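Dock chains P, L and E against the given chain G, drawing on the hints supplied.
Protein chains in written order, with full-length UniProt numbering: chain G, 1 to 193; chain P, 1 to 193; chain L, 1 to 193; chain E, 1 to 193.
These aren't lab readings, by the way, just hints derived from the structure by calculation.
If you're wondering where the values come from, they're calculated on a predicted model, not measured in any experiment.
Heads up, a few of these hints could be off.
Same chains, same names: a pair is fine if it fits in one copy or spans any two.
Below, simulated DSBU-like cross-link-like pairs (lysine-lysine); rule was C-alpha separation at most 30 Å, straight line [as the list claims (entries may be wrong)]: (1) 28 to 125; (2) 15 to 80; (3) 15 to 81; (4) 132 to 81; (5) 18 to 80; (6) 127 to 4; (7) 4 to 125; (8) 18 to 81; (9) 133 to 4; (10) 15 to 4; (11) 4 to 81.
Each chain is listed here by its residues.
Protein chains: 4
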Amino acid sequence: MHDKSIRVHSDEVAKATKAALLRRGVTKEDIAEIVYEMQNPYNDGLTLEHCVHSVERVLRKREVQHAVLVGIELDELAEKKLLSAPLQQIIESDEGLFGVDETIALGSVFTYGSIAVTTFGHLDKQKIGIIKKLDTEPGLHVNTFLDDLVASIAASAASRIAHRMRDLEEEGVTFADIEPEELGPKQKPHNEI
Amino acid sequence: MHDKSIRVHSDEVAKATKAALLRRGVTKEDIAEIVYEMQNPYNDGLTLEHCVHSVERVLRKREVQHAVLVGIELDELAEKKLLSAPLQQIIESDEGLFGVDETIALGSVFTYGSIAVTTFGHLDKQKIGIIKKLDTEPGLHVNTFLDDLVASIAASAASRIAHRMRDLEEEGVTFADIEPEELGPKQKPHNEI
Amino acid sequence: MHDKSIRVHSDEVAKATKAALLRRGVTKEDIAEIVYEMQNPYNDGLTLEHCVHSVERVLRKREVQHAVLVGIELDELAEKKLLSAPLQQIIESDEGLFGVDETIALGSVFTYGSIAVTTFGHLDKQKIGIIKKLDTEPGLHVNTFLDDLVASIAASAASRIAHRMRDLEEEGVTFADIEPEELGPKQKPHNEI
Amino acid sequence: MHDKSIRVHSDEVAKATKAALLRRGVTKEDIAEIVYEMQNPYNDGLTLEHCVHSVERVLRKREVQHAVLVGIELDELAEKKLLSAPLQQIIESDEGLFGVDETIALGSVFTYGSIAVTTFGHLDKQKIGIIKKLDTEPGLHVNTFLDDLVASIAASAASRIAHRMRDLEEEGVTFADIEPEELGPKQKPHNEI
Numbered sequence: 001m002h003d004k005s006i007r008v009h010s011d012e013v014a015k016a017t018k019a020a021l022l023r024r025g026v027t028k029e030d031i032a033e034i035v036y037e038m039q040n041p042y043n044d045g046l047t048l049e050h051c052v053h054s055v056e057r058v059l060r061k062r063e064v065q066h067a068v069l070v071g072i073e074l075d076e077l078a079e080k081k082l083l084s085a086p087l088q089q090i091i092e093s094d095e096g097l098f099g100v101d102e103t104i105a106l107g108s109v110f111t112y113g114s115i116a117v118t119t120f121g122h123l124d125k126q127k128i129g130i131i132k133k134l135d136t137e138p139g140l141h142v143n144t145f146l147d148d149l150v151a152s153i154a155a156s157a158a159s160r161i162a163h164r165m166r167d168l169e170e171e172g173v174t175f176a177d178i179e180p181e182e183l184g185p186k187q188k189p190h191n192e193i
Numbered sequence: 001m002h003d004k005s006i007r008v009h010s011d012e013v014a015k016a017t018k019a020a021l022l023r024r025g026v027t028k029e030d031i032a033e034i035v036y037e038m039q040n041p042y043n044d045g046l047t048l049e050h051c052v053h054s055v056e057r058v059l060r061k062r063e064v065q066h067a068v069l070v071g072i073e074l075d076e077l078a079e080k081k082l083l084s085a086p087l088q089q090i091i092e093s094d095e096g097l098f099g100v101d102e103t104i105a106l107g108s109v110f111t112y113g114s115i116a117v118t119t120f121g122h123l124d125k126q127k128i129g130i131i132k133k134l135d136t137e138p139g140l141h142v143n144t145f146l147d148d149l150v151a152s153i154a155a156s157a158a159s160r161i162a163h164r165m166r167d168l169e170e171e172g173v174t175f176a177d178i179e180p181e182e183l184g185p186k187q188k189p190h191n192e193i
Numbered sequence: 001m002h003d004k005s006i007r008v009h010s011d012e013v014a015k016a017t018k019a020a021l022l023r024r025g026v027t028k029e030d031i032a033e034i035v036y037e038m039q040n041p042y043n044d045g046l047t048l049e050h051c052v053h054s055v056e057r058v059l060r061k062r063e064v065q066h067a068v069l070v071g072i073e074l075d076e077l078a079e080k081k082l083l084s085a086p087l088q089q090i091i092e093s094d095e096g097l098f099g100v101d102e103t104i105a106l107g108s109v110f111t112y113g114s115i116a117v118t119t120f121g122h123l124d125k126q127k128i129g130i131i132k133k134l135d136t137e138p139g140l141h142v143n144t145f146l147d148d149l150v151a152s153i154a155a156s157a158a159s160r161i162a163h164r165m166r167d168l169e170e171e172g173v174t175f176a177d178i179e180p181e182e183l184g185p186k187q188k189p190h191n192e193i
Numbered sequence: 001m002h003d004k005s006i007r008v009h010s011d012e013v014a015k016a017t018k019a020a021l022l023r024r025g026v027t028k029e030d031i032a033e034i035v036y037e038m039q040n041p042y043n044d045g046l047t048l049e050h051c052v053h054s055v056e057r058v059l060r061k062r063e064v065q066h067a068v069l070v071g072i073e074l075d076e077l078a079e080k081k082l083l084s085a086p087l088q089q090i091i092e093s094d095e096g097l098f099g100v101d102e103t104i105a106l107g108s109v110f111t112y113g114s115i116a117v118t119t120f121g122h123l124d125k126q127k128i129g130i131i132k133k134l135d136t137e138p139g140l141h142v143n144t145f146l147d148d149l150v151a152s153i154a155a156s157a158a159s160r161i162a163h164r165m166r167d168l169e170e171e172g173v174t175f176a177d178i179e180p181e182e183l184g185p186k187q188k189p190h191n192e193i
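In isolation and in its complexed conformation, chain G is listed as follows (with noise of 0.2 Å):
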């Protein structure tokens, strides 16, 4: 049952996840460069800019920041070897059956409909970019839920620009008519649901 007394500060959450996420060697560029790669053909007028607004606005929510924080625990845990058997061999061989990493990642890339979750399959095996480093990255790293966790947040992107073309299509206008920060978190940043 839920203990008030403890709760944690939203802000707080979010700061965590980005400081995660630098310290296993990702940075919101990298991300954004997946999801220019993968929209650019299909938006006019759109830059990497647009791409690092958009993957802001993800980590904004809720369902992603907590996704992030579970996943690079275990990761770590792993590589510190502080897990218990046989948990600890399952995350530590990245074990190809294993699918929790993956459910976790769904979680929060259900949230941007349909479309994202087949672009995360997408990602989760054709590992460009920065989860291809992650995937192959010899010695003692674990990331095993990172490389799916980046994808998530990828296809999240992605999806979310996918949308708002459709909406700047009906007004007639294309990227290049609007500000990247257009697609970030808003001034007074809510978690977004």
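For chains P, L and E alone, coordinates are given in the frame of chain G:
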């Protein structure tokens, strides 16, 4: 509220599912070829026949049968211009942001685990084999739902094979050692869940 | 493959969604009452009007609009006996193991996070307010999809309020301090994602 | 990338799953009682023993085992205050908007179809039997993930029984006519999918 008096027998639903796929030009071999292409690199001794049986087994699941019947019904109604506006236009034009086609396909693919979901996303973008043919068929056919349904059946059958492969490895054998029929429905074909 | 030449404008889709719900006897106030009943105990100062605006906002989402249009179309076709066998009987009898009705509703509820999903499951079993009325309506109406769609819109609107409540708590205010319109769609109603 | 050299055998994963549930005070009979309470009204001749076997079968699924292992690991780490801030506080306080607990449970419940999903949502709110006990246990235990996992196993086992019931009806028999073992795992317990 459910009215038991007009209940349909499982066998009739199973038969209608197979008939609907054939009527739309999709054989179980077409689907099995996609499965084989995806799983062959990872599974020693796997044959097309193993894949056909896995597809047959997937087609025994109620969740899959119902998805196929609803999706093909909507495609056929759209083809005959029998849907009301604006749904008729949305389905007829295979509107990229529609999403209900992916949602219905996802509903059945979910029952094969998160690996099936990412495989589905991959197929939905890559469109190999019969999926490509369905998506680009010129002229009169509406296959808005059908291509997603085929991707979902193929992804599910592939996921079954990946899981079965692991069992075989643990027993020290490969697909070369087992009869294709072993991957298919049991003699007395209860609906699977 | 998508044919852009017959694309439908967002406003038309939004209008058709509202019209379809009204035609089937469901007002946004009916749905808001379910939301109010569920969220009132936890949210100081919440009024029915806040809930109406939250429902309106949910109804601006493409994913939701498409689900409503497809579900109601299938209900109405079944009512007019225009579906082919055995789908006609399955939908007409509100077959308990059918599942595609829940799947389509889930597709849109997912976009509001996992709390919306569990709330949807709860409503699907408890059937409060208009949902009960739809499920037990005697005679000619087929509401196999509609009751699930209403549960999904209510669950989504309730989830939005629960998330917004947290923001308010963190700002030291309650729903009594904010205008109901704040929960509704923005002036220029871009489609939400 | 997957490292095959440290792969864990299925039997070990299955054993660890059962041990983890028992260590946290949950027996398969506890879960079976929830299943029985939900399914008894609709299924003539159903006994608690049938439900126990259905729970055992659900616990053979890899997807379920992995979810249980991850969820209980996080509960136990939180109990020992071994998670990093702010995740430690979020999980320890059973934060209502957290969502990853439901997401992980949903991942395995999905594999039993959309009816299992709505049943899960219902149990998540109603909290009957052992679920209530886990949710309100005073003092030192953290069961943030465990109550959702138990709800997901119960919902899955109940869904299996509902589907099996239909098969029995079509054969003209009831649960009174079949051995409880028939609902359990097969002699040679391959992992199910």
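How the hints compare with the structure:
Taking CA atoms no more than 30 Å apart as the test, residue 28 paired with residue 125 passes in both settings, with 21 Å inside one copy and 25 Å between copies. For a Cα distance limit of 30 Å, the shortest separation of residue 15 from residue 80 qualifies both inside one copy, at 23 Å, and across copies, at 24 Å. For the homomeric pair residue 15 and residue 81, the shortest alpha-carbon distances inside one copy (26 Å) and between copies (21 Å) are both at most 30 Å. In this homomeric assembly, residue 132 and residue 81 come within 30 Å of each other (Cα to Cα) only inside a single copy, at 24 Å, whereas the closest approach across copies is 34 Å.
In the homo-oligomer, the alpha carbons of residue 18 and residue 80 lie at most 30 Å apart both inside one protomer (21 Å) and across protomers (26 Å), since each shortest distance falls under that limit. Taking identical chains as interchangeable, the C-alpha atoms of residue 127 and residue 4 lie at most 30 Å apart only when they sit on different chains, with a minimum of 20 Å there against 40 Å within one chain. Within a single copy, residue 4 and residue 125 get their C-alpha atoms only as close as 41 Å, which misses the 30 Å cut-off; across copies the closest is 19 Å, which meets it. For the identical chains of this complex, residue 18 and residue 81 are neighbours both inside a copy (24 Å) and across copies (22 Å), given an alpha-carbon limit of 30 Å.
For a Cα distance limit of 30 Å, the shortest separation of residue 133 from residue 4 across copies, 20 Å, qualifies, whereas the shortest one inside one copy, 40 Å, does not. Only within a single protomer do residue 15 and residue 4 lie at most 30 Å apart by alpha-carbon distance; the minimum there is 21 Å, versus 36 Å between protomers. Taking the shortest Cα distances, residue 4 and residue 81 sit within 30 Å of each other only across copies (18 Å), while inside one copy they are farther apart (32 Å).
Comparing the model with each numbered hint stated earlier shows that all of them hold.
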